[in-house]
Amino acid sequence: MKTVLFLAALAALHAAAAARAQERVHLPLLVPITGALALEGQSERDGALLALDPPAAAGDAARPLRPSHAVFDTGSNPQVAVQAFERAMAAEIRPRAMLGPIDGNSMLALLPLAEREKVALLSVSGTARLTELGNAYIFRFFPSDVVVKAAQARYAVEELQRRKIALVYQNTAYGQSGNEQLGRWIESLGAAVVYRNSVPVTTKELSGVIAQVRDSGADAVLLQLHSGSSALFLKQAARAGLALPIVGGSALHQPSTAALLEPAELKGVCAETASAPAADPGLAGFARTFRERMKSEPDAFALAAFDAVNAALAAARMPGPLAENLAKLRHAGLAMTYESDGKGNMAHDAIIVCYDGTSRTPRIAKRYARPHEAARR
Amino acid sequence: MSGRARIAAAGAAPLWLAAAAAVAMLAAAAGAYELRLLAIAGCYALAVLGYQFIFGRVGALSLAQGAFFGLGAYASALLALKLGWDFARSFPAAIALAVALAAVVGATVLRLASHYFALATLAVAELMHILVIEWVSLTGGGNGLPNVPGFVLFGWAVPRGWPVTAFVWAFAALGIALAANYSRSLYADGARLLRAEPLAAAAAGIDAAGRRLAAFLLSAAFGAAGGALYVHTLGVVSPEAMQFDVMVLILCMAVIGGRNAVAGAIVGALLLVHLPEWFRALEGWRYLAYGAGLLLVIVAAPEGIAGAVEAPWRRRLGTPAAPSGRTPIPDAAVPAARAAPFAEDRAILAVQGLAIAFGGNRALAGVTLFVRPGEILGLIGPNGSGKTTLLNLLSGFHRPDAGRIFLDGRDATRDPAWRRARAGIARSFQHGALAGDLTALDNVALAACGIRARAADVFRLPGRDAKRRRARDAALSALAKAGAAGAAHTMGADLAPAERRRVELARALVAEPRVILLDEPAAGLSDAEKAALRSALREIAARGIAIVVVDHGMPFLIPLASRVVCLDAGRVIAAGAPAEVVADPEVRRAYLGAGAVL
Amino acid sequence: MSWAQIAIDGLALGAAYALVALGFVLILNAAGAVNFAQGDLVMAGGFAAIALASALPLDALPVPGLVLAPLVALCGGGAGWIVAEIAYRPLRHRPPVAVFIATIAVGIVLQHGANGIFGAAERRTPPLVSGDAVVVGGLTLSLQTLAIVATAAIVILLLHRLLERTQLGRRLRAAAEDPEMARALGIPVRRLTALAFALGAGLAALAGLLLANVYFVTPTAGLAFMLKAYIAVTIGGWGSLRGAVAGAFLVALFEVAAGRLFSASLADALLYAALLLALLFRPEGLFGEAAGRRA
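Chains as they are written, first to last, in the numbering used here: chain A, 97 to 473; chain B, 687 to 1284; chain C, 16 to 310.
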């Protein structure tokens, strides 16, 4: 089913909507492909490129929409992101939409600019704050931390029946936003946070953290760490014999994280994410094309960017301002169906994937449709 | 003043014109993107101008400038967001906060030597970085603070686009004016000597600790000013504004542009903000090209771009002339000793039981000696006997392990070097310690100023020109007396060895000292030059100034000295009239036995 | 987790830091300037090992990393030689800060070269020896940890012998202490300085191989190693080889012990606070300067 959808999405770029003349749409991709968030940024770029630059095999049919794009590095830094935005706006064809950087702090810097220039800012960042500022030009195609953290907390509390949670998070925008949401959900679900630790990206030896987790009497560990620290935690936890269930943040679903570990070190580990294109049989078509074109494994950020770009192109085909079209669009993407909640949140579903200890490819353990709404009740 | 001299005196005038032209050209052709880059470069330019005070001029590698930049950004943003202050209030408040922090930090870590100072400032900067990340409720943590308002002054919001850029550059221009003013001040000349020859600076009465603190406070103020402008230009602040990369960027801008040239800060900031933008087409590879570009620039212009542009300009014009070519040389060229309130036979400088060891190696083991006003005391001894160490103790460069030093009957053992210089001890150095990038005249003049420096000398305020003129007049007469008037306008680096010694002697004289310590003043001089030096020294002594001369050359010293003291292995083994000391069997065994020729 | 376990973890981390810091001091003494690319050379060593591992049939070997180690050190040495030629030699008569900036530029090139070639994902080098952890008296001794400590110890001892006991070592030190005098004595200063860069970078690359198996490597990892080496060298006494090793172990043990007692972020902050205190009470490093300052 997902494969069919994927092919349909690719085909949609070429055929259809012949009623409108070949209209040029310029879509700048503002992505951190250098710096601290380059791993996520490169995924984001690759997913978007796959949507914008279909393989030659798909044919060269007359296209009613002629999308063009340009990649702008935002260097994981708000200042560079703002410079990239101004540069992108100076393009020959005025952009009506852009893909924004995955780091929340760069997105926060771009929001007022997007509003001023009336440019739809597509986002795959989870930072909850982005859609709480009343900005009408943000469209987030990755579930907000409000959503995925609800799924992560619910899985630990409801499915695994855990009550005493240890929270280990990165001291970055990603980690702190996740920490705040996780803490809120854990308490509203009737469980308790018995331990918290904020970990810098540069801390390599986590055995002290693991010992403290053990001492705290926690019965489960929730992680909100970037890829490297997530892998370090699992590796060192396995070495120290920490026998607690671990539910990680989306970094833990990334194939590049699992690649750092032996399958045994991943046994019993779960992670929240929006999608798992490398593991989901329903997304095999996308995964195959992605591997062929990008020579790397696809992750949820790549797929979210792919879906976001397709949704933006669909909105561009509709008459009227692109941002307004996006706000009322219901887009059947590959990862999920996207629809704005009125604040710019387009993605509302999450999944939990788990590793069984025999391979580095997880299986989908649970799908949550709007987990935050159910949890709130 | 000739036209040539006027252009040269203006210093980096051509660079100024070029920079102004470049800014004007860019602004004229600019869209939002170009204006944005210009505005951001203006913010960094201020931070770099500030960094030049501590790093460029004083030569202390501070690694906290990025933190001051970030502090200015966070402070101004927080005051605007939490208290609703407009820029007219949040800007000075942010600067005041940074200066207050710099005062606390400076008071504790500025006494550390080079690398240890660098590490301490790094530690302070990293602590501040961790603080803004972890204090989530105040700073927003990793996400930082969004929606920082633009520039608002007394209810008037500066419109975005070119007015914002112009607003930023107006502050940058103010910073440029202040820094340029400083660079022509008496203070800046002292800083040059401080950087090149810290000991000579102390001996010239320059209070190194005080000047380092002043430079550190200035650097913090400029850094915070840049950061405050930055945050209202960008509209957000996050820990990225305070991370170590900002420090590295500011350091690169300072060195690439030119560490000491005001224009260098502007060129460096403009170039390094734009350089990665020029390579945007390379996408993920663009910083590779940036790094390669950085390497090429530093190899092509190791003294900075401003230095590279200025050097040929300087050469073409010749060395800068003195501002006033018609300074009359006073008849009484030798400054009179201060009225001596002490009896002729009383020692002006006396030491008792002076001892010091370096890492278990005993350099002095209980030296007692004295010198009277108007007396020339010769200090002899074999190599390693402790002669130079003794001079260094007298100057205050080391603190003795035991013993005391009296200056005019007052215990000066614990006085730092600069204070002893101000109390009347002047000295020369074996290797001729001058600032290479100042003329001989200014090298001497700054000693005249160093002795009576005031905080107001930091900037070239009205009235300070007169002070400088007086200092130069005094310097010129001292140079004349030392026989180096002809070299007055030669740069320190270009002086011949014999000239360096004369200039050093002039520098010792200009401070109107009561005691002059000379370390091998005759080394490398011809016989005729030695004779001239001898008579010059006799004339100085005749004015009531005490002179202590260390020298190997007996033929130079014996006819000159009124008394001679011989050291061996850190002890006095003989003292008295030159002929007696030379005839002393112990002296012969220790010293002359080594093959020296009388 | 017992304190003995912490000591072992700290020892392994310290051994790798010591290699980085030693390389830093070798270059510092030879060039009279800070090599800011030292951390990025560690990172580059990790990626060189990854590239070599994918090109060579190592999977069957019981000691893949040990086979790689000399190759990686050699690659690092070559890189060091190049750094000496392009970033040091043109600037050797210039202020040391020019060399400092040139090495910053080299670091940027290395970081973004790795990002361009290998991508931004964290990567892992092959283990020095393959095999599981041994549990001895309640302590988990991973073979890898033991191999790291052993490798670093052997390399440090060899380096010590090279510098103290051989003609080459004496010449290296002579060239570093007084290049003019050394030149007058017919010592090839230029080649020896390049050799010091090669040795220093080789040590960094080797550390990269050791660290990246246990702690992974990413193109942006260099700065953290650079800062650790810089702290180790400074508190150990600027320019002292023994001090650098001691400083490295001190930093690593502090890091691991503070990480056991406090939150990881607080441990970072405490390291810098402790540094400040140490500097206030011991203003010339914990073990004093290598060369006493004389007026």
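It is possible that part of the hints are untrue.
From chain A, some residues computed to sit far from chain B (all C-beta separations above 12 Å) [claimed, not checked]:
no., residue
1, Arg141
2, Ser273
3, Glu283
4, Ala428
5, Glu469
List of simulated lysine-lysine pairs, DSBU-like, C-alpha gap at most 35 Å [to be verified]:
no., chain 1, residue 1, chain 2, residue 2
6, A, Lys439, B, Lys768
7, A, Lys424, A, Lys439
8, B, Lys1153, A, Lys214
9, A, Lys363, A, Lys424
10, A, Lys260, A, Lys462
11, A, Lys462, A, Lys439
The hints are simulated quantities; they were obtained by calculation from the structure and are not laboratory data. These numbers were taken from a predicted model, which means no experiment stands behind them. Note that beta-carbon positions come from the ideal geometry of N, C-alpha and C, so glycine has one too.
Here is how each hint holds up against the structure:
no., hint, result
1, Arg141, "violated (8 Å)"
2, Ser273, "violated (7 Å)"
3, Glu283, "holds (17 Å)"
4, Ala428, "holds (31 Å)"
5, Glu469, "holds (25 Å)"
6, A:Lys439 <-> B:Lys768, "holds (25 Å)"
7, A:Lys424 <-> A:Lys439, "holds (11 Å)"
8, B:Lys1153 <-> A:Lys214, "violated (61 Å)"
9, A:Lys363 <-> A:Lys424, "violated (42 Å)"
10, A:Lys260 <-> A:Lys462, "holds (22 Å)"
11, A:Lys462 <-> A:Lys439, "holds (27 Å)"
Of the numbered hints listed earlier, those contradicted by the structure are 1, 2, 8 and 9.
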